Amino acid sequence: MNNSSLLSIQDLRTHFFTSTGVVKAVDGVSFDLQRGQTLGVVGESGSGKSVTALTVMRLIPSPPGRIVSGQIEFAGLGNLTEKTESEMRQIRGKHISMSFQDPMTYLNPVLRIGDQIAEAVLLHGQATKREAYDRAVETMRLVGIPSPEVRAKDYPHQLSGGMRQRILLAIAVSCNPQLLIADEPTTALDVIVQDEILELLRDLKKKLGMTVMVITHDLGVVAELTDQVVVMYAGKVMEEGKTLDVFKNPINPYTEGLLRSIPRVDWGKKQLNVIEGIIPDVVDPPPGCRFHPRCPYVARLCQEAEPAIVELKPGHRTACHFAAKIYG
Amino acid sequence: MFKRRGGPLFVRAVDGVSFGINKNETMSLVGETGSGKTTLARTIMRLIEPTSGKVFFEGRDLFRISADEMRSLRQEMQIVFQDPFASLNPRKTVAEIVGRPLILHGKAKGSAVRQSAAELLEMVGLTPGSRFLDRYPHEFSGGQRQRIGIARALAPKPRLMVLDEPVSSLDISIRSQILNLLQGLKNQLGLTYLLIAHDLSVVRYLSETVGVMYLGKIVELAQSESLFENPQHPYTKALLASIPIPDPTVKREKVRLQGEMPSPINLPSGCRFHPRCPCPKKICSESEPELTDIEGHLVACHREPVD
Chain A
1 MNNSSLLSIQ DLRTHFFTST GVVKAVDGVS FDLQRGQTLG VVGESGSGKS VTALTVMRLI
61 PSPPGRIVSG QIEFAGLGNL TEKTESEMRQ IRGKHISMSF QDPMTYLNPV LRIGDQIAEA
121 VLLHGQATKR EAYDRAVETM RLVGIPSPEV RAKDYPHQLS GGMRQRILLA IAVSCNPQLL
181 IADEPTTALD VIVQDEILEL LRDLKKKLGM TVMVITHDLG VVAELTDQVV VMYAGKVMEE
241 GKTLDVFKNP INPYTEGLLR SIPRVDWGKK QLNVIEGIIP DVVDPPPGCR FHPRCPYVAR
301 LCQEAEPAIV ELKPGHRTAC HFAAKIYG
Chain B
1001 MFKRRGGPLF VRAVDGVSFG INKNETMSLV GETGSGKTTL ARTIMRLIEP TSGKVFFEGR
1061 DLFRISADEM RSLRQEMQIV FQDPFASLNP RKTVAEIVGR PLILHGKAKG SAVRQSAAEL
1121 LEMVGLTPGS RFLDRYPHEF SGGQRQRIGI ARALAPKPRL MVLDEPVSSL DISIRSQILN
1181 LLQGLKNQLG LTYLLIAHDL SVVRYLSETV GVMYLGKIVE LAQSESLFEN PQHPYTKALL
1241 ASIPIPDPTV KREKVRLQGE MPSPINLPSG CRFHPRCPCP KKICSESEPE LTDIEGHLVA
1301 CHREPVD
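As you go down the protein sequences, you meet chains A and B in turn. Heads up: the first sequence runs through residues 1 to 328, numbered per our numbering. Heads up: the second sequence runs through residues 1001 to 1307, numbered per our numbering.
Quick caveat, the hints were computed from the structure, so don't treat them as lab data. Since the structure is predicted, the reported quantities are computational estimates derived from the model, not experimental observations. Each residue gets a CB set at the ideal place from its N, CA and C atoms; glycine is no exception.
Far from chain B, some chain A residues (derived; all Cβ distances over 10 angstroms): (1) Ser4; (2) Pro64; (3) Ala75; (4) Gly78; (5) Met88; (6) Ile91; (7) Leu111; (8) Glu119; (9) Arg141; (10) Leu142; (11) Ser147; (12) Tyr155; (13) Asp203; (14) Gly288; (15) Pro296; (16) Leu312.
Derived lysine to any residue pairs resembling SDA-like cross-links, with alpha carbons at most 20 angstroms apart: (17) A/Lys270 to B/Glu1229; (18) B/Lys1254 to A/Arg202; (19) B/Lys1186 to A/Asn273; (20) A/Lys270 to B/Asn1180; (21) B/Lys1186 to A/Gln271; (22) A/Lys242 to B/Lys1251; (23) A/Lys270 to B/Ser1226; (24) A/Lys269 to B/Glu1229; (25) B/Lys1157 to B/Asn1022; (26) B/Lys1237 to B/Ser1226; (27) A/Lys269 to B/Asp1247; (28) B/Lys1281 to B/Ser1269; (29) B/Lys1251 to A/Gly268; (30) A/Lys269 to B/Asn1024; (31) A/Lys270 to B/Asn1187; (32) B/Lys1186 to A/Leu272; (33) A/Lys269 to B/Asn1180; (34) A/Lys242 to B/Pro1248.
All chains should be modelled from the sequences, with the hints used to inform the complete structure.
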């Protein structure tokens, strides 16, 4: 971990011990998050992107989940994997906050919005109830809720989907965290509202000086919002680098295939590349490289040995046996 | 709310606008939540009964014909649903799911049902089909289930297929597989598609004609390429400008709309879009614009055509 890192994850493994077998949801993930950066963690279902975020928050239900190995170093706080639950309670919200995908599930339907935000403030500060409530209204203004004094008295069902997402972000940033983890912040939203939430995330980051980690499956969101990107597949990091480098010159067959297979609104009817096959089951992942059954460059080595992640170009890492040959 | 009239694939909306879906083409309806796109498609399929209005298919009014006639007409029009988990019966095998429409519509009998079902599975890329026949839906991934849903829709040999968000619940590396499959089937079988989607990149990839819906009305209707290259209605412009493009070097031009979509129960006066429009005029709150020809697009907007 170097000096400018806020968060450094090393060889993290989070497994779930279920009756059908061990789900290796996160299986040897390492990456650094620099202070002031926006990092995108992108992947499909089963890639382990959300479990990585939940592990950082130490919100993995146990049992069946367990951090099998690895370290999560957070600047000034040490290794998060060694913290007790009561220590984590002091860290969550204040140092690291997370907003979730589905606002209706995470907001309490029988509490007024203002009170729900104030609750988070009360938990961490020495604020009185009155001060906490005022802070809640101010935070609502910050996230762009019109006439926040009035809306603070609303219940969640009285708000639109976009407004609810804003409230979740308000709760997350109400105690000025250093790191905001936004899990699929735009997924359930219509495009116009989605664009407004992206704008809000950029705005909040600037105003509050936060570091942001966005978990998403949407490459458009990654391209718009992030400086750095981690591409995950079946519990592993496949590629990591500056967003511009990864999108312009991907050095992993999975990323390359993905970028060529998504329809683009600025492309028209250009023929789409297809990644054949199905997403692997993480209970019984393919041996060797986990992408090998779907990889167009597959060779015998790929079926036998798992590729290590290596820095092929400055600041640009990939886990592929033949990356140097294909992309070098 | 709308009428369908005339030739086999010809639609007439309530405010006096007609459009046709040409044979072997894809017509898309796009819009946000609450725009009415899914309701419109389901009403055409007679899965929802309208309060008023007519739907014609091959000159026959779907709401006047008998249940028997409707059943035989259903062969011609099939639907593929959004959620491949909810739309397949978990207690039936694939042979039963795909075989049922074959039996119902008299396309196959007895031992020929399994044979036909296997052929349909191969047509959607599940090869060899016979290997999949005795499995249950839970044994398949999301993409494979959507293929089964497509095979079931293809079974009665339809001419029109309604695709209701066919890829939106699939993972991104699977979407292109299904999109290419749908495009291939259309060419191979001469199908006509009515596509319902909120993802405009999918719409652009598949369609020839696009109708943009806002609060139950079509606000712009045009040839796909022209609509994406040169949108005319302010709502279409805002919609297109808000799509994140997976390319960090592309900078989008921002179009900001005011407020949120109003409730369809309490519609604004005049043009339904006027409270959010970036350039409203006095007339917009007073009278509802008709669809008129602007630059080859049908546009429901009071503004003068400008470049």
